[in-house]
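First to last, the sequence lines map onto chains H and X.
Take the first sequence: its position 91, counted from the start at 1, is 91 in our numbering, and no numbers get skipped.
Take the second sequence: its position 4, counted from the start at 1, is 390 in our numbering, and no numbers get skipped.
Everything labelled a hint here was simulated from the structure, so no lab data went into it.
Do not take every clue at face value.
Stated by the list, open to error - The calculated label-pair distances, taken between Cβ atoms and stated as ranges, are:
1) Y590/X <-> K83/H: 39 to 47 Å
2) S414/X <-> E343/H: 58 to 66 Å
3) L365/H <-> P452/X: 25 to 33 Å
4) V459/X <-> L295/H: 58 to 66 Å
5) K31/H <-> A743/X: 56 to 64 Å
Said to hold, decoys possible - Calculated pairs, DSS-like style, for lysine-lysine (alpha carbon to alpha carbon, straight line, at most 25 Å):
6) K397/X <-> K407/X
7) K397/X <-> K127/H
8) K127/H <-> K407/X
The C-beta atom is built at its ideal place from N, Cα and C for all residues, glycine as well.
Take a look at the letters that make up each chain.
There are 2 protein chains.
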Amino acid sequence: MNNFEFQNPTKIIFGKGTISKLSDEIPSNAKVLLLYGSGSVKENGIYKQVINALSNYNFIEFGGIPANPEYEVLIEALKIIKKEKITFLLAVGGGSVIDGTKFLASAALFDGDEPWDILSKYIRTEKAMPFGTVLTMPATGSEMNSGAVITKASSKEKLGMGGTALFPQFSILDPQVIQSIPKHQLANGITDAFSHVMEQYMTYPIQAKLQDRFAESIMQTLIEIAPTILENPMHYQSAADYMWCCTMALNGLIQKGVPTDWAIHAIGHELTALYGIDHARTLAIIAPSHYRYNLETKKEKLAQFGERVWGINSGTKEEIALKAIEKLEDFFHLLNISTRLGEYTPEFLGTAEKIEARFIQRNWLGLGENKTLKPEDVAKIVTMSY
Amino acid sequence: MNNFEFQNPTKIIFGKGTISKLSDEIPSNAKVLLLYGSGSVKENGIYKQVINALSNYNFIEFGGIPANPEYEVLIEALKIIKKEKITFLLAVGGGSVIDGTKFLASAALFDGDEPWDILSKYIRTEKAMPFGTVLTMPATGSEMNSGAVITKASSKEKLGMGGTALFPQFSILDPQVIQSIPKHQLANGITDAFSHVMEQYMTYPIQAKLQDRFAESIMQTLIEIAPTILENPMHYQSAADYMWCCTMALNGLIQKGVPTDWAIHAIGHELTALYGIDHARTLAIIAPSHYRYNLETKKEKLAQFGERVWGINSGTKEEIALKAIEKLEDFFHLLNISTRLGEYTPEFLGTAEKIEARFIQRNWLGLGENKTLKPEDVAKIVTMSY
Numbered sequence: 001m002n003n004f005e006f007q008n009p010t011k012i013i014f015g016k017g018t019i020s021k022l023s024d025e026i027p028s029n030a031k032v033l034l035l036y037g038s039g040s041v042k043e044n045g046i047y048k049q050v051i052n053a054l055s056n057y058n059f060i061e062f063g064g065i066p067a068n069p070e071y072e073v074l075i076e077a078l079k080i081i082k083k084e085k086i087t088f089l090l091a092v093g094g095g096s097v098i099d100g101t102k103f104l105a106s107a108a109l110f111d112g113d114e115p116w117d118i119l120s121k122y123i124r125t126e127k128a129m130p131f132g133t134v135l136t137m138p139a140t141g142s143e144m145n146s147g148a149v150i151t152k153a154s155s156k157e158k159l160g161m162g163g164t165a166l167f168p169q170f171s172i173l174d175p176q177v178i179q180s181i182p183k184h185q186l187a188n189g190i191t192d193a194f195s196h197v198m199e200q201y202m203t204y205p206i207q208a209k210l211q212d213r214f215a216e217s218i219m220q221t222l223i224e225i226a227p228t229i230l231e232n233p234m235h236y237q238s239a240a241d242y243m244w245c246c247t248m249a250l251n252g253l254i255q256k257g258v259p260t261d262w263a264i265h266a267i268g269h270e271l272t273a274l275y276g277i278d279h280a281r282t283l284a285i286i287a288p289s290h291y292r293y294n295l296e297t298k299k300e301k302l303a304q305f306g307e308r309v310w311g312i313n314s315g316t317k318e319e320i321a322l323k324a325i326e327k328l329e330d331f332f333h334l335l336n337i338s339t340r341l342g343e344y345t346p347e348f349l350g351t352a353e354k355i356e357a358r359f360i361q362r363n364w365l366g367l368g369e370n371k372t373l374k375p376e377d378v379a380k381i382v383t384m385s386y
Numbered sequence: 387m388n389n390f391e392f393q394n395p396t397k398i399i400f401g402k403g404t405i406s407k408l409s410d411e412i413p414s415n416a417k418v419l420l421l422y423g424s425g426s427v428k429e430n431g432i433y434k435q436v437i438n439a440l441s442n443y444n445f446i447e448f449g450g451i452p453a454n455p456e457y458e459v460l461i462e463a464l465k466i467i468k469k470e471k472i473t474f475l476l477a478v479g480g481g482s483v484i485d486g487t488k489f490l491a492s493a494a495l496f497d498g499d500e501p502w503d504i505l506s507k508y509i510r511t512e513k514a515m516p517f518g519t520v521l522t523m524p525a526t527g528s529e530m531n532s533g534a535v536i537t538k539a540s541s542k543e544k545l546g547m548g549g550t551a552l553f554p555q556f557s558i559l560d561p562q563v564i565q566s567i568p569k570h571q572l573a574n575g576i577t578d579a580f581s582h583v584m585e586q587y588m589t590y591p592i593q594a595k596l597q598d599r600f601a602e603s604i605m606q607t608l609i610e611i612a613p614t615i616l617e618n619p620m621h622y623q624s625a626a627d628y629m630w631c632c633t634m635a636l637n638g639l640i641q642k643g644v645p646t647d648w649a650i651h652a653i654g655h656e657l658t659a660l661y662g663i664d665h666a667r668t669l670a671i672i673a674p675s676h677y678r679y680n681l682e683t684k685k686e687k688l689a690q691f692g693e694r695v696w697g698i699n700s701g702t703k704e705e706i707a708l709k710a711i712e713k714l715e716d717f718f719h720l721l722n723i724s725t726r727l728g729e730y731t732p733e734f735l736g737t738a739e740k741i742e743a744r745f746i747q748r749n750w751l752g753l754g755e756n757k758t759l760k761p762e763d764v765a766k767i768v769t770m771s772y
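The whole structure should be built from the sequences, with the hints applied where relevant.
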């Protein structure tokens with residue numbers, strides 16, 4: 001196990017009917033900006049529950065934060081925060097709305113002139129406006145971590161930010177919200193959470209037995225509940241398991257003391273930026289090729305994954321590892337998630353080169369747990385993914 | 387899954403050579419009381435590392451906190467805290483020293499006249515003096531939770547306390563500390579952590595798949611590393627696994643959303659209070675009888691434990707459950723921990739009645755996950771444990 005530090009102060013309020021507890025958590029004298037996305041919260045009843053809980057607060061609203069939260073849209077919200085002297089932000093949404101809110105919490109107290117610097121110059125956020133969340137779509141884990149990913153539409157850039165001040169003060173997780181989520185989004189959420197675990201697990205073995213087993217626990221649970229979730233999102237107990245898995249997949253716990261990869265996300269972000277493919281689907285496209293391309297360095301953990309998660313118990317290490325990658329693809333297919341880039345974009349010629357060029361341009365030092373993957377490796381992985 | 391709230395703000399600093407980081411965590415203007423136990427920290431080098439890290443602080447010391455931290459001793463420390471205007475407490479020790487420090491953190495800001503009321507009247511601690519810990523003996527999880535157990539020697543009472551203000555600000559976990567811990571104490575620590583998991587797991591099935599698998603992960607890891615730890619405590623990687631398991635076993639995470647039992651601890655505390663048997667050993671004495679006595683209500687989870695943790699895959703549910711209890715006893719025996727009360731105390735006649743009487747006296751409402759176990763059931767379980 002490597003040395004690590006771990007601290008996660010977010011308060012989780014989990015369960016049926018918990019949205020009404022909002023008023024226990026936000027300071028009564030706060031001036032609140034309520035942030036949400038495309039407006040689905042108005043159709044599924046969540047907006048109404050939130051408004052009821054806020055009845056004694058001074059609050060205004062900002063809707064329309066898009067998936068892959070756009071810098072250009074968020075800058076409009078930032079103007080309102082300053083003009084209206086907002087003191088507390090409340091995100092009601094999925095990862096995009098929460099990530100956008102994190103950017104705003106940081107930008108609201110940012111000393112510089114150009115808030116985009118927080119992302120482009122990797123400035124850590126050590127002070128931020130306090131904020132809470134009501135999670136409407138389990139997937140990204142943003143409700144219990146201190147990271148965010150923001151997209152600049154004008155330059156097609158998708159960059160990350162983080163810092164100790166970006167943990168939500170609280171997050172309300174009511175599993176009933178998944179009842180109204182479209183099936184393809186549920187499939188995306190399961191894929192996203194599963195991929196988060198893989199990025200923190202599928203590296204090389206160091207002895208960190210509990211972290212390994214926790215990671216495997218989340219993957220086993222997602223595999224077990226996925227068919228029920230897709231068939232019957234009204235099944236509360238499975239919805240609760242799903243929601244808690246998504247949070248635990250990326251709240252920092254399972255990555256502590258172990259090497260992590262994140263190459264799949266880095267490459268996937270480029271596919272989203274270039275072609276607008278759903279974030280989760282880019283992960284399902286890249287993961288199998290990435291693991292096959294890096295079979296030598298990842299063989300041990302792939303075999304452990306095959307044995308413990310998929311119960312494959314015969315064959316050489318390499319055979320089990322390869323079989324495990326097939327099982328992973330089968331799992332994505334069961335979710336009705338295609339794992340071939342060609343099925344998302346007709347553009348083949350030049351795509352790999354285009355992505356390679358974007359990595360070169362950023363002077364990327366190397367991707368993967370060993371920081372050894374160069375832009376030309378990325379191009380090969382993308383080519384393998386057609 | 388049941389509704390739950392979860393928040394754990396303790397900062398964990400984990401790994402080799404981390405004791406020197408103390409000075410990053412304690413406010414530089416603090417007046418510190420350094421608390422420790424029997425003085426073994428002076429022999430194993432930990433005391434010296436702590437003193438070095440505190441070289442720029444204004445601090446005084448209070449040593450001699452005994453195992454099962456005694457109220458009478460702690461009251462002496464409390465006088466020093468008040469007289470010397472202490473502002474920060476630093477516990478350097480295992481669960482007893484940390485629990486004692488939690489009591490002091492609470493008592494230092496307690497409004498009432500009689501600090502024992504915090505325990506006897508179950509007063510929650512919502513404000514406390516800030517404190518941190520350097521863990522020298524992994525076992526109780528006290529380094530990352532908000533509970534404590536204190537013993538009053540004069541009345542042979544052992545009672546619990548807790549509250550949101552009782553999370554340590556930070557805990558430093560350097561697995562190298564286990565190198566100097568006597569083998570029987572390491573065995574106790576493994577037994578204690580394992581029992582903590584069992585109390586939060588061995589109840590009845592509700593669908594909480596991730597909590598179940600996390601609990602099983604901790605137990606599997608402890609089973610896997612126990613022989614190495616006992617044979618070679620210099621094996622750093624196993625020491626690290628062991629230490630992290632102990633913390634995760636009782637930092638609140640695995641109990642969220644599920645029923646919990648804790649009858650074994652409640653009965654075990656009485657055995658410690660009456661006969662001075664090591665805390666962990668009382669758990670090993672009571673657990674097998676408790677599970678056999680409550681086989682009907684716990685059969686499902688006992689069988690799941692047998693199948694997943696011990697790999698027992700043939701037999702009826704009841705057969706697997708009974709076999710799992712045997713495996714549990716075998717595990718304690720492997721640790722050289724006796725599971726029969728008769729091997730600890732020659733006193734047989736009247737012991738069960740004595741413990742029964744203590745539960746009756748306290749108007750206990752019923753033990754176990756269903757609160758159905760009465761004092762007479764406790765007497766039967768104790769009798770079965772001879």
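Query raised in the report: So which of the earlier hints does this model not fit?
Result: 1, 3
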